[in-house]
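Visitor: The primary structure of each chain is shown beneath.
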Amino acid sequence: MFRTRVGDNVLIVTSTLPPVPLDADRPQSASQPPVVPRWVIASFLLGGALFLAIAAFALASRTGHEGPSDAGGEWAGRVLEPAQPRPSFILTDTSGAPYDFEAQTRGHLTLVFFGYTNCPDVCPVQLATIAQALQKVDVPVEVVFVTTDPARDTPERLDSWVHSFSRDFIGLTGDQTAVEAAQQAMGATVAVAQEPNSRGDYLVGHTSGVFVITPDDRVRLVYPFGTRQEDWVRDLPRLAKAQWPDPSTERPS
Amino acid sequence: MSWWCSATREPWTWAFRAYPGIWITMLSLIGAYVWAWHRHRRRGLPVSPDDRRKRLWFGLGMALLWLATDWPLGVLGAGYLATAHMVQYMLYTLVAAPLLLLGIPEWMVRPAVERFQLEGVLRRLARPVVAGVGYNLVLLATHAPFTVDTFRTSQLGSMALDVVWLLSGLLLWTPLVSPLQELRHPSPAVRCVYLFLAAGAIAMVPGGMLTFADFPLYRTYELAPRVYGLSASDDQQMAGILMKIGNIPIVWTVIFVIFARWATREWRPASSASKVPTPASER
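Protein chains in written order, with our numbering: chain W, 63 to 315; chain D, 107 to 389.
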C-alpha cells in the first residue's frame, strides 16, 4: 500500500505491485543477473542433447528392412555369374528314404546349406538365423541342410538337430561319396574333416555360405556367414517374386 | 591368451578362461585402497567407526565389479548374450558404483581433489541435471548397435566400454553418495526425483526399443554361437526388459531409504533431534 498526498487530502492507493524504481527505463547493468537464469539455459541444452541422443539411438536401432518394394537395391548375398542350373543329386532324408533333390525342389525358392550337426559355431547360427527370418516373412522356401559329416550324422541325429530349428527344414545325408558329389554339383568347396582328437571328436572344414536357388531353377546367390535376419527378410520376398539380381548390374555387398 | 573379455565367435563353454588384464586392474584398485588406508594409519590420523564400515562397502563394490567384468559374466556379456551385457551394465552402474563411492572415506579423496584443483569441475558434474544427463548420454551411446558391435570385438574397445560404464555410474551416484559432503544434493525431494528420472525413467526408452525391435539389433549377439539354444531375438527381448525394469528394485529401494530418513528427521521431536547425531551415511 502506498500513500500519496494530493493537496490537503490524502489519496490512498492500494496495489500488489512493488513500487517502480525511478531508473526502471534504464538498461540493466552487466552486474545484474540475466533475465533467464543460466541454470535454465544449461538444463535446456542438456535436455536437448539427451533428446538428440535418444533420437540418434532410435535411428541407429532402425533396421534396414524397407520391404519388398526395395527391389533393385543391394543384395546381402554374393551374386553368382553366370547362374548355374539347379543341381541334381540323390541323398537320404531324415526318415531314411531316398531324396531326389532336383525333382523334389524344382520350381521352388530353395536354400541349401552344407554343414554338420557337431559344428560348434557357423551351422547352428546360420540355421537359427534363417529359421527366425522365415517366421517374419510369408514366403514359400525350401531349406535343405546337407551334412558334410555323414559318419556321425545319421538320419536320426539329423532329424532331431535340423528340426530343432524348424519342422519344415529338410535334412539330407548319404555315404561320403554321394555327399561330396552333392557339394561339387552345387559348386561348393568339398568339406574336409580334421584329424580326430583323443576323444574321437573332430571338426569339419566346410563352406559357410548358403546357396540360393531361385524358382527358375538357377543357383544365383551365395549368402555368407554373417547374413542377418533383416537381410533374409529383405531379400527372400524379392527372390520369391522373381526379382532376382541381374549379374551385369549387381555388385556383391 | 586374451587379457580382457571380448567377442571371439568361439563356441561357448563353461571352461574357465583367465584374463590377466582384468586381474591386474582389479588388484591395482584394491592395492591402491589398502595402501591409502595403511598410509593414513601410519600417520596416526584418526579413523572413525564409520570409516571402518566403509571398507566393507568398498570390498563389496570391488567384488561385484570383478564379478561383472571377469569370466564367466564378462565373457558372456562381451560376445554371446545381450542379456549378460545388460546384467553387466546394471552391476557396474547401479550396484558397484554406489558401493565404491560409499566405500571411499573423505580423507582419501579430498587431498587429491585439492591438489589437482578439481573442486569446480566436480561441483559442476555433481549437479543433478548434469549428472543425470551425462549418465543417460553414456547409456544411449554405449548401447547403440554401432558402438556395441564396434567396441565389443576388440579387447581394448571392450575394456573402454567397461571403464566408461563405471565412470558413468560414479557420475550418477555422486549427487547422492559422494565421499565429499558438499557434492551431495541437500534436498531429499530433489534426490528422489533425480534418481527416478536419471536411473529409472530414461532407460525405459532404449529398453523399449530393444524389447519391441523387429530384428536383433546387435550383430555381435545375433551371430554369436548360441548359448543353450537361446535365440537372438529372445535374448534381446530379455535384455530390453531388464533395461526397462531391472533398475526398479534398486532405484525404489534407495528412494524409500532417502524418504524414510528424511521423514524420520522431519518428524523427530526437536528435543530428541538435538541429542541424536546425524546418521553416519548422511555425513
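If you are wondering where the hints come from, they were derived from the structure by calculation, not from laboratory data. The structure presented is a predicted model; accordingly, all values stated were derived computationally and were not measured. Wrong hints could be hidden among the right ones.
Cβ pair distances, simulated, as ranges [claimed, not checked]:
#1 Ala213(W) / Ala247(D): 24 to 34 angstroms
#2 Ala213(W) / Pro355(D): 51 to 61 angstroms
#3 Glu372(D) / Leu114(W): 34 to 44 angstroms
To be clear about the criterion: a stretch of chain D counts as covered by chain W if any three or more of its residues have a C-beta under 8 angstroms from a C-beta of chain W, and this derived list gives those stretches [said to hold, decoys possible]:
#4 135-147
#5 159-169
#6 178-190
#7 335-341
#8 344-353
C-beta atoms are modelled at their ideal positions from N, C-alpha and C, and glycine is treated no differently.
Visitor: Now tell me if each hint is right for this structure.
Guide: Comparing the hints with the structure gives:
Taking 24 to 34 angstroms as the suggested C-beta distance range, the pair Ala213(W) and Ala247(D) does not conform, at roughly 50 angstroms. The hinted window of 51 to 61 angstroms between Ala213(W) and Pro355(D) holds, with their beta carbons roughly 52 angstroms apart. Distance hint check: the CB atoms of Glu372(D) and Leu114(W) are about 40 angstroms apart, consistent with the given range 34 to 44 angstroms. Under the rule that three or more residues need a Cβ within less than 8 angstroms of chain W, the assignment of the segment 135-147 of chain D is violated, with 0 such residues.
Coverage of the segment 159-169 of chain D by chain W is violated in this model, with 0 residues showing a Cβ closer than 8 angstroms to a Cβ of that chain against a need of three. Remark: the segment 178-190 of chain D is not confirmed as covered by chain W, as 0 of its residues place a Cβ nearer than 8 angstroms to a Cβ of that chain, below the required three. Proximity of the segment 335-341 of chain D to chain W, defined as three or more residues with a beta carbon under 8 angstroms from a beta carbon of that chain, is established by the 4 residues found. With 0 residues bearing a CB less than 8 angstroms from a CB of chain W, the segment 344-353 of chain D misses the requirement of three and the coverage assertion fails.
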